[in-house]
Structures are given as C-alpha cells and as structure tokens.
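Knowing the structure of chain A, use the given hints to seat chain B on it.
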Amino acid sequence: MMKSDVESDKELVSALVDGQLRGEAFSRAVAQVVEEQEARLNWHAYHLVGEVLRSGEAIVGAHELAFSKRLMSRLQQEVPGLVVADLGVTQTAVKRGFAGQAAVLAANDASFRWKILAGVACTVAVGLIVWQAALDQRSPIQLVQTLPPGGMGGVASQSTQLVETNRSQVMIRDPHLDALLAAHQQSGSGSALSMSAGFLRNAAFEGAAQ
Amino acid sequence: MNPESPDSPLTSLSASTDASDVMLVERAVAGDQGAFELLVIKYQRRIQRLIGRMVRDVDLIEDIAQETFIRAYRALHQFRGEAQFYTWLYRIAVNTAKKFLLELKRDPTVSENALKSDDAGDETFWSGSEPTTDETPESVLAAKEIALAVNRALDELPEDLRQALTLREIEGLSYEEISEVMDCPIGTVRSRIFRAREAISVKVKPMLESQSGKRW
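Residue numbers (my numbering), protein chains in the order written: chain A, 1 to 210; chain B, 1001 to 1216.
With the rest of the complex left out, here is chain A (with noise of 0.2 Å):
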C-alpha cells in the first residue's frame, strides 16, 4: 500500500526525532517542522512519548508552543533577520521584507552596514590624527628652497629658509631680505624700512647679523 505524502511528511518527523536523517532528508525534515504546525505539533508530541517511555513520567508545560513563539520572538528582536517561523514566514519572504525595509532604516538601526560606515570613519578619523602627528615628529624642519641662479650680488646661497628657533616657533629667512638689510646697515639703526610693514615686523639688522 502506497503512503500518502501526509504519513510520509510524519515519518519524516519521526526519523529526525531519532536523529536517523541527513543530508536533503534533513533539511526537508527541519524545513517541514519549522514551516507547518501541525509537523511541529507532532515533533513537541513524538519526543512527549519518548520522555514518558523512558523515565516513566510526563513533563507537560501548558504553554510549550507558545513559549517557544514568545521566545524566538524576543530573538528576532534582539537578532535581526531572525526568522520566526511560527509567523507562517519562510527565510525568503523574511529576507525579501528586510531589503524592502533598507531604504528607510535609519543611522541608529542595529543595522550591520552602518556600523560598516561608522567603523570606516572612525578609521579615517584616528588615520588622519596620526598623520598628523607624524608631521609633527618630523619637527624641527629645516626646508630648503632653492631659488633659479642669479638674483642678487654676493649671496652665496639664495634660497628661502625654514629655520626652527624653538620647539614651538619657526623663523622665515629670506636670503633676499638678509642681503638687503647687510647692505644697509650703516644707515640707520631700527627697522630698515621708512614705513610699518605688518609682515616684516621681527626683520631687524641685529636679526640679520646673528
């Protein structure tokens, strides 16, 4: 006599209940118990016969299958993309729902491609802190400018320089400006200049003759 698929689907439930399935024959089995009640009725009823068998009472909770819903109810929402399957919804439909949803998730969702974006960032962020405190180890500096020959008479280097005076203090020296104060020197003390330049107010002859 030939079974129908109903009797076949159970014997399917109770070969995994003895642990006796592999492979597809498992997959379709756990897919069939998660999906349908009534396969999930019968895996909750068969391994019920088992305990009573073997220990000669019966542990019943009135509320199994209902703590069970509750249960992977409070995964899904600690778990996103959990799949409760007592929802009537399979892993497709589940994960269909989710990318519907992507649009509209916001910054603050456990979302797994923010916390992508904000790992990004902050690792731009601690990189871009880095370099820059590299650039300051590489303090003091001392940059050389080399100026095209010619210019003016009797400056051996013509070239603009970066000298550290101090830690925190870097001096410009303007070869240019170094000549032009040594050749007037003798005429007067003070600022060579006959009026007030903001950006020259530190050049000074006693400054070029250190």
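Warning: the hint list may mix true and false statements.
As the list claims (entries may be wrong) - Quick list of in silico lysine-lysine cross-link-like pairs, DSSO-like style, CA-CA up to 30 Å:
#: 1; chain 1: A; residue 1: Lys69; chain 2: B; residue 2: Lys1098
#: 2; chain 1: A; residue 1: Lys69; chain 2: B; residue 2: Lys1099
#: 3; chain 1: B; residue 1: Lys1203; chain 2: B; residue 2: Lys1144
#: 4; chain 1: B; residue 1: Lys1144; chain 2: A; residue 2: Lys69
#: 5; chain 1: A; residue 1: Lys69; chain 2: B; residue 2: Lys1205
#: 6; chain 1: A; residue 1: Lys69; chain 2: B; residue 2: Lys1203
Derived by calculation from the structure, the hints in this document are not laboratory data.
Only chain B this time, still in chain A's reference frame:
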C-alpha cells in the same frame, strides 16, 4: 533520578539523537533559526522543570527559561559537540537561575539544595516523589494522565510496533541495531516506529491541547 539531570535516561538515548542535536546546532549557527526553535521545543519542558526546582517564584520560571535559551542562542557557536547539547544547556540554565536569584535577592531555600548537589557533581539526588513548588494539583494530575495514556496506548499496540518503539526509546538502539534484532529492513523499522508513535500521539494530543491556557 532527577529527570532533568544531564545523566538521566531522558538524555542518554543514543548517539544518533546527539548527532541530530549537533546538526541542528550547526544549522542554527549557520543562520537557520528554525533549527534552534526545534531544539527549544525539544528541551524547553526539561529546562522549565529544572528551573522550577530551583526558583520559588513561579512567575520567574518562564523568564529564566527564556533567558536560558537566549543565552544559549548567543553562545551557540561555542558549543563544540563534545558534551551532549542538553548537558551544555543544563549548565546555562543553572547559571542563569543562580544569577536571577542573586539579582533578585530571593530566598533560595529550595534552590540551595539543588545547587549544592550541582556543585558537588551529584546531579541525581532528586527524588521523583518530592513535591515541587512549581507544580499545581492540575498540572500534576495532567502529567499523570498523560503518562497513563502513553503507557496504555503502548500496551494496545501490535507486538511488532511496540517492540520497535521500545527498542528505540527505552533501549536506545539505532535503526540498524533494531533491524538486526527484529530481522527486518531499516525502512520497516522506521515505519514501525513512526506508526507506534503516531498511534500513541493520537491519544495524547487532545490532552496536551486541553492543557493550553493553564499554568504548567
């Protein structure tokens, strides 16, 4: 013997069911939460019963059981299959109950006995006749009726079905071993065990459904 103990007959069925648990765990870790739900349905009664022996407050039992399974789910990737899944789950349940008791500063008079035995490594001290705080007269009666119905239904089974189910559930033989003992193909063994279970379940299911809505 304490039926909730990891060493009890409830959990020492056979290596095949252990392998099945491990496969379900592997699937759950891989993202199939349905597989985890099967484990929940399979073990929730024993976990709730275990916690019911440690916690006085009936309202806390389900909370602790829920927390136990949630912790188990989070730590599922750490389960290596070296011990039985229920043994692993049992430890989580005991630790969760202890934590709850500490946090709530409840008087763990009932639980202290259980925890002491647990600490001493003797998890089988419990006497089956010992009254428990979580059981109501209705639940005790229902459990007895279900046990009676199962045993009665087993007695009414044809000899070949009863023998196949007994060898499987009580003796813990694999399908291969049963096929040798009963001198029949494995497919026949599988079918006989299923038909035996189904015949008993038909008697038990209405009793389970009538329990719905009552405190366990």
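Against the structure, the hints:
A hinted pair counts as satisfied when its Cα atoms are at most 30 Å apart, and Lys69(A) with Lys1098(B) qualifies at roughly 25 Å. Taking the CA atoms of Lys69(A) and Lys1099(B), the gap is about 24 Å. The hint holds against a cut of 30 Å. Of the pairs offered as hints, the one joining Lys1203(B) and Lys1144(B) holds, with about 14 Å between alpha carbons and a cut-off of 30 Å not exceeded. In summary, the hint linking Lys1144(B) to Lys69(A) is supported, as the alpha carbons are separated by about 26 Å, within the 30 Å threshold.
Under the criterion of a C-alpha separation no larger than 30 Å, the hint pairing Lys69(A) with Lys1205(B) is consistent with the structure, at around 19 Å. For a cut-off of 30 Å, the pair hint linking Lys69(A) to Lys1203(B) stands: about 25 Å separates their Cα positions.
When each numbered hint is compared with the structure, no violation occurs for any of them.
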